[in-house]
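On the provided structure of chain A, position chains B and C as indicated by the hints.
Chains as they are written, first to last, in our numbering: chain A, 1 to 142; chain B, 1 to 142; chain C, 1 to 142.
Think of the hints as simulated: they come from the structure by calculation, not from any bench.
All clues given are correct.
One copy or any two copies: either way a pair holds, since identical chains are not told apart in the list.
No more than 16 Å apart at the CA atoms, straight line, and that leaves these computed lysine to aspartate or glutamate pairs for EDC-like: (1) 91 with 45; (2) 92 with 45; (3) 142 with 50; (4) 92 with 127; (5) 91 with 127; (6) 92 with 125.
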Amino acid sequence: MLNIETPPVREDTPLPHLTLDYSANLDGRVDMPALCGELQQAILDTGLFEHGAVRVRALRADAYAVADRLPENAFIDMSFRIGAGRTAADKKRAGTAIFAAANAFLAPLFATPHFALSLEIREIDAELSWKNNAIHPRLRNK
Amino acid sequence: MLNIETPPVREDTPLPHLTLDYSANLDGRVDMPALCGELQQAILDTGLFEHGAVRVRALRADAYAVADRLPENAFIDMSFRIGAGRTAADKKRAGTAIFAAANAFLAPLFATPHFALSLEIREIDAELSWKNNAIHPRLRNK
Amino acid sequence: MLNIETPPVREDTPLPHLTLDYSANLDGRVDMPALCGELQQAILDTGLFEHGAVRVRALRADAYAVADRLPENAFIDMSFRIGAGRTAADKKRAGTAIFAAANAFLAPLFATPHFALSLEIREIDAELSWKNNAIHPRLRNK
Numbered sequence: 001m002l003n004i005e006t007p008p009v010r011e012d013t014p015l016p017h018l019t020l021d022y023s024a025n026l027d028g029r030v031d032m033p034a035l036c037g038e039l040q041q042a043i044l045d046t047g048l049f050e051h052g053a054v055r056v057r058a059l060r061a062d063a064y065a066v067a068d069r070l071p072e073n074a075f076i077d078m079s080f081r082i083g084a085g086r087t088a089a090d091k092k093r094a095g096t097a098i099f100a101a102a103n104a105f106l107a108p109l110f111a112t113p114h115f116a117l118s119l120e121i122r123e124i125d126a127e128l129s130w131k132n133n134a135i136h137p138r139l140r141n142k
Numbered sequence: 001m002l003n004i005e006t007p008p009v010r011e012d013t014p015l016p017h018l019t020l021d022y023s024a025n026l027d028g029r030v031d032m033p034a035l036c037g038e039l040q041q042a043i044l045d046t047g048l049f050e051h052g053a054v055r056v057r058a059l060r061a062d063a064y065a066v067a068d069r070l071p072e073n074a075f076i077d078m079s080f081r082i083g084a085g086r087t088a089a090d091k092k093r094a095g096t097a098i099f100a101a102a103n104a105f106l107a108p109l110f111a112t113p114h115f116a117l118s119l120e121i122r123e124i125d126a127e128l129s130w131k132n133n134a135i136h137p138r139l140r141n142k
Numbered sequence: 001m002l003n004i005e006t007p008p009v010r011e012d013t014p015l016p017h018l019t020l021d022y023s024a025n026l027d028g029r030v031d032m033p034a035l036c037g038e039l040q041q042a043i044l045d046t047g048l049f050e051h052g053a054v055r056v057r058a059l060r061a062d063a064y065a066v067a068d069r070l071p072e073n074a075f076i077d078m079s080f081r082i083g084a085g086r087t088a089a090d091k092k093r094a095g096t097a098i099f100a101a102a103n104a105f106l107a108p109l110f111a112t113p114h115f116a117l118s119l120e121i122r123e124i125d126a127e128l129s130w131k132n133n134a135i136h137p138r139l140r141n142k
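Okay, chain A solo, but in the shape it has when bound (with noise of 0.2 Å):
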C-alpha cells in the first residue's frame, strides 16, 4: 500500500500551533527563532504531538503599551492551539513543559520588573478544521 508520490492528505492527528505576540523591544535581547526552536522541543518532548505537525512561530508588534508605560516594560504572550481530544491531564501537562521552557529561556528578562510572560491553550474544534500536510509524509517515512 505504499505509495511513493504520497500526495498531500487530509490527515487526523492534532494540529499544534504555538503563536508568540512580542514587544518589538525585545528584539537584540531575545533570540526568537531560538526560542522557537526550545518551544518546539518542549512540544515534542510532551510525547503528546507529531513532529511534522508542530509549528511555532513569533509576531512582533512594533506598536504596545505595557502595565505602566516604561520604555523597557516588555512582553511575551503564547497560545497554544491543538487538536480537541486530549485529557485535562494531558493539556495541563503540555502547557506546563511549554510555560517551564520559555521561563528558563528567558529568566535574564525575569531579573528586572519589566517584563512578563503568558500562555494559554485553546482547542481547535476538529469539525471547523481542515488541513493539508506535505511535511508529514517526508518525516512518517524515515
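This is chains B and C only, laid out in the frame that chain A set:
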C-alpha cells in the same frame, strides 16, 4: 427614513475575518496580496457574507520553528472568524471553499515535502462583539 | 511577610490582552503607539483590571484584502482576551468603553467610506492559562 449622510452604525451582519499567519521564508515565493484577494473572492462566492464586511489579512512571522526545522520548511495557518448563527453545513461549506482556494493557489508549494497549510473556523459571540463599518453604506448604496 | 526580592509568581488576577490587527496602509495615518496607550487607559478606567496586567499591542498586516479592494480600504480589528469570571454586564461595559475610545481616536478615518473597525471579547480558560509577571511586584509595592 433615508439618511443621506449615513453615519457609521452598529450593524447586525456577520463579520468574517480571515487571518493568515505565515513563515517569512514564503516571501518572494507567494504573492500574499494576491492570495488574500483570492481567498476574499472565495469567501464572497459562498454567498454567506456581505461584500463590505470581509477582511482578509496576512501576518508575517519572522521567527518560527516548523517540524524538523529544515530552513525550507514553511507554513500558512488560517483562522476564519465569523458571526455565530450559521448552520453546521454552511460553516463546513465555507471552510471547504476557502481551503480549496488556498490549496489551488498554493499548489506549487505542495510539490515539495516542506509545506503545511491549515484552516480553523471559530465563531464570534455576538453579545461580545462591536462593529463600526464606514464601508458598508458605500457598498450598500451601489 | 514582605519579601524584598519578590520573585516572579503565578498570580490569580485577570490577564487582559488587547491585540489589534491593522492594514499596513494605516501607517502614517494612525499613531499606533498612541492608540495603544489610549486603549490601555480605557481598559484601566473600567476599574476591572490591574495596572500591571494590561498588555495592548498592534500587529501590522502588510498583505490584506478589504471589502471591494480599493487601495484606500483599511481596517483595525481588535481582540480583547480576558480571564473568565466577570459578569456579562461587566464584559459589555468593558467592551463598550474600549470601542468608544477607539472610535474617538479614529474619528477622522470614519469621515471616509473606507474604514472598518471591530472588537471581539473572548474569555481565557483559567485552567489552561499560565502567567509569570515581573511587573506586578513593582507596581503593587508602589
